[in-house]
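Protein chains in written order, with this note's numbering: chain A, 1 to 283; chain B, 1 to 349.
Please keep in mind that the hints were generated in silico from the structure rather than gathered at the bench.
Derived CB-CB ranges, DEER-like: (1) B:Arg349 / A:Pro198: 54 to 60 Å; (2) A:Glu107 / B:Asp326: 46 to 52 Å; (3) B:Glu151 / A:Ala278: 18 to 24 Å; (4) B:Ile239 / A:Gly13: 34 to 40 Å.
Calculated from the model, a selection of chain B residues having no Cβ within reach of chain A, i.e. all distances over 10 Å: (5) Leu50; (6) Asp277; (7) Gly338; (8) Ala347.
Among chain B residues calculated to face chain A with C-beta under 10 Å, some are: (9) Cys61; (10) Arg90; (11) Met105; (12) Pro258; (13) Asn316.
Quick caveat: nothing in here was measured; it's all calculated off a predicted structure. Just so it is clear, CB atoms sit at the ideal spot from N, CA and C, and this is done for glycine as well.
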Amino acid sequence: MALPLQVQAEIVGREPAGAYHRLVLRAPGIAARVEPGHFVAVAIGGVDSAMLLRRAFSIHRADPAAETIDVVFAEAGRGTRELARLRVGDSVNVVAPLGTPFPLPGEPVSAVMVAGGYGSAPMFALAERIVADGGSVAFVLGAATAERLYGVDQAQAITEDVVVTTDDGSEGVRGFVTGPLPEVLTAVEADVVYACGPMGMLRAVTEVASAHDARVFTAVEESMACGVGVCMTCVLPVVGDDGVSRFVRSCVDGPCFDGTKVRWDDAGTIPADIEGAAAMGAH
Amino acid sequence: MTDGYGGFADNFADNFADNEDAGDFDDAPPSTIMLPGGGIDLATRIGSTLLPNPVTTASGCAGYGKELAKFFEPAAIGAVVTKTIMPYPRSGRATPRMAETPSGMLNSIGLQGPGIDAFVERDLPWLAARGGRTIVSIAGGHVDDFVALAERLKGAPGVVGIEANISCPNVANRGQVFACNPATSYDVIRAVRDVADPQVPVLAKLSPDVTSIVDIARACVEAGADGLSMINTLLGMAIDPDTMKPVLAGITGGLSGPAVRPVAVRCVYQVHAAMLDGQMAQVPIVGMGGIRTGLDALEFILAGAAAVSVGTVIFNDPSSPVRILDELRAALIARGFGSLEAAIGYAHR
Numbered sequence: 001m002a003l004p005l006q007v008q009a010e011i012v013g014r015e016p017a018g019a020y021h022r023l024v025l026r027a028p029g030i031a032a033r034v035e036p037g038h039f040v041a042v043a044i045g046g047v048d049s050a051m052l053l054r055r056a057f058s059i060h061r062a063d064p065a066a067e068t069i070d071v072v073f074a075e076a077g078r079g080t081r082e083l084a085r086l087r088v089g090d091s092v093n094v095v096a097p098l099g100t101p102f103p104l105p106g107e108p109v110s111a112v113m114v115a116g117g118y119g120s121a122p123m124f125a126l127a128e129r130i131v132a133d134g135g136s137v138a139f140v141l142g143a144a145t146a147e148r149l150y151g152v153d154q155a156q157a158i159t160e161d162v163v164v165t166t167d168d169g170s171e172g173v174r175g176f177v178t179g180p181l182p183e184v185l186t187a188v189e190a191d192v193v194y195a196c197g198p199m200g201m202l203r204a205v206t207e208v209a210s211a212h213d214a215r216v217f218t219a220v221e222e223s224m225a226c227g228v229g230v231c232m233t234c235v236l237p238v239v240g241d242d243g244v245s246r247f248v249r250s251c252v253d254g255p256c257f258d259g260t261k262v263r264w265d266d267a268g269t270i271p272a273d274i275e276g277a278a279a280m281g282a283h
Numbered sequence: 001m002t003d004g005y006g007g008f009a010d011n012f013a014d015n016f017a018d019n020e021d022a023g024d025f026d027d028a029p030p031s032t033i034m035l036p037g038g039g040i041d042l043a044t045r046i047g048s049t050l051l052p053n054p055v056t057t058a059s060g061c062a063g064y065g066k067e068l069a070k071f072f073e074p075a076a077i078g079a080v081v082t083k084t085i086m087p088y089p090r091s092g093r094a095t096p097r098m099a100e101t102p103s104g105m106l107n108s109i110g111l112q113g114p115g116i117d118a119f120v121e122r123d124l125p126w127l128a129a130r131g132g133r134t135i136v137s138i139a140g141g142h143v144d145d146f147v148a149l150a151e152r153l154k155g156a157p158g159v160v161g162i163e164a165n166i167s168c169p170n171v172a173n174r175g176q177v178f179a180c181n182p183a184t185s186y187d188v189i190r191a192v193r194d195v196a197d198p199q200v201p202v203l204a205k206l207s208p209d210v211t212s213i214v215d216i217a218r219a220c221v222e223a224g225a226d227g228l229s230m231i232n233t234l235l236g237m238a239i240d241p242d243t244m245k246p247v248l249a250g251i252t253g254g255l256s257g258p259a260v261r262p263v264a265v266r267c268v269y270q271v272h273a274a275m276l277d278g279q280m281a282q283v284p285i286v287g288m289g290g291i292r293t294g295l296d297a298l299e300f301i302l303a304g305a306a307a308v309s310v311g312t313v314i315f316n317d318p319s320s321p322v323r324i325l326d327e328l329r330a331a332l333i334a335r336g337f338g339s340l341e342a343a344i345g346y347a348h349r
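Please put together the full structure from these sequences, using the hints given.
Next comes the structure, spelled out in structure tokens:
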């Protein structure tokens, strides 16, 4: 795992991106350590801020030459509203790179990138790596509406195999990403699926990919307090290599998991067979 | 995770304190010995343990030390207080386990942990090898659990203290923790003190959710506590106005962060005052609750704390323990203190 750094980053670029915001941060020393799937934890305000918890965002792009990292985010609450107010020249405290990135194939593969909304942010750098390694990629990008799609143009710059879905039919195929996904997997003879987006989507994509005998790696979205592995708030029930299920931390053990190891239906519960569940009954 | 992915390469592989001028003091600080090079003696004593400086991590906010070692050396601070360990592996509560609140957060982790055996075999040796001094937080549902844990820690490497967590709100019978009652507090602390290594100080971690924290503190000291840790989180809850349901899966949780600091400072001040008044024996207090800067830490020291723990702020700033130590050192020097000891309880003069 790459060693994270905590630095003051300068905002060197910002732009609206459909329904989202894209920020470019100059964060010395960080970009060169970033692998696709890593995330950054951004502090909101200074030392007197009433918002203590960092906001975690997947890293969209990392440019080691310029020492910049990009993030794409939606205004969803108080913290992201504050971030959206930042201007070029402002400074924010960041910790990155964090998390376990997507595993890369060591050989040419046929990969399908599936993403919901701005969950696509980390997928383009990943796709470029797969192509650079001699593989091929296809994209299935979905969102509720056309405005909430992100990066269709970036996907099209990498491959002709881009399928778009929207829940309301305002662009591409009406419905969820899992609608056209089986056909895409068959058409490109997919070896592996990489997915990022809401938990329900990741569960559904895992099912489809498994049915097609493709490996599936998912970047989960879980609310985190620390992002560095100490607070234990972002846990998910995941099956280990030994067959034992445990609550593991999305921040350090993830956010990228083998989708078949995550017990999607049990998230938010204490499965009776999870390690340590018995102790919860006692007190 | 290091799962073998078959053909896949496993490549997972200025907020400095406002060092205000010393300002106008009604009373000049006591004259103390300045160390060569303008340094200051930050050593502090917790029972038989001498810590090189007073900054520790608060239990539950630093894991077992390993994760934070990416940001600072565990040996650089006074001690690492571990996440509370229990006799057996424990899954903790369902998610969501966390809610951000004004200048704070609620958590209902529910003491997730690997159990004492894995902790002693895996985590403690790692910390000891890095030169870390470890105060092990222990908890159980019964006095017997505490006894078993204290016995298991005998002879374990790097352990410089045991903190008996008699006040975690994230247990089933919330609001009725051991630390809500002087008699049950006494029973736990007495039992732990009886079986623990005599060379290892025992601290009692107290809850602020009580009528008289002095009564609880006195019972713990009478039971043999070598020190007091104040405070644990306050029991709280949050309701989501959109779903109109409690935010936490566990309904209630522990409130921490700067929002609770005035409560914590009050507790430390009251108990230290009771010690000065002769209402109870004088033992070191480890003060905690919303410390974010060196000046916050100083506030606890002035109230009567001999050491401080840095907790929730670690989630905001993983390097904060060493930053706060530096800021505290500067703040003490700026106010003319030549030693930490001279500042302990200074607000009571």
